[in-house]
Amino acid sequence: NAGVTQTPKFQVLKTGQSMTLQCAQDMNHNSMYWYRQDPGMGLRLIYYSASEGTTDKGEVPNGYNVSRLNKREFSLRLESAAPSQTSVYFCASSGGHHGNEKLFFGSGTQLSVL
Amino acid sequence: DAKTTQPNSMESNEEEPVHLPCNHSTISGTDYIHWYRQLPSQGPEYVIHGLTSNVNNRMASLAIAEDRKSSTLILHRATLRDAAVYYCTSNQFYFGTGTSLTVIP
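Respectively, the protein sequence lines represent chains A and B.
Quick note on my numbering: the first sequence kicks off at 1 and runs consecutively.
Quick note on my numbering: the second sequence kicks off at 1001 and runs consecutively.
There are no misleading hints in this set.
Here are the computed lysine-lysine pairs in the DSS-like style, where the Cα-Cα straight-line distance is at most 30 Å:
1. Lys102/A with Lys57/A
2. Lys57/A with Lys1003/B
3. Lys102/A with Lys1069/B
4. Lys57/A with Lys1069/B
5. Lys1069/B with Lys1003/B
6. Lys9/A with Lys102/A
7. Lys57/A with Lys14/A
8. Lys9/A with Lys57/A
9. Lys57/A with Lys71/A
10. Lys1003/B with Lys102/A
11. Lys71/A with Lys102/A
12. Lys71/A with Lys9/A
Hints are computed from structural coordinates only; laboratory data are not their basis.
Model, not experiment: these values are computed from the prediction.
Assemble the whole structure, with the sequences as input and the hints as a guide.
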């Protein structure tokens, strides 16, 4: 049971570089999410996608873009990485309407921007 | 904006009950309350959720205040494997900052 798969697990970038974090789920879920986790800040929502073809901003969207490529995949792109984007990034998915169904999380991507 | 607050840390003796509180100051009428827990170097995992009534499952119980402004996650007998950071959220947009639970043998 793969569940939610994130790649890469670790990444180091230099300021100004770009990269894409990949996320895929095999549970046929409609909704997918990207969160970041910083010490003392808990989980903060960056973007979410309630269904294939739709995306919406969360609490901290600045500096990020997302693509819901198909029902399985939801990618997060950093166009010009900044040290403030050093964080652990989690992708999640849920089966039903936003907020009602439980979230399934991936194992995270630890990103360092130097 | 929905705001969710939790104590930073709590301790419990092994095999004792643990009550983890959460305040949902701006919860709306249709927001479900969810709890998740996170072990070191892992993603959060679902524990329990509910809307208005108290809920039980094999992992824990969830008590929801009548006005829904607060909830309590209840672990009936804490074990060492329950040591984790516990997060509550009222709409999956805004998570609390988490309560780090230490279980003392």
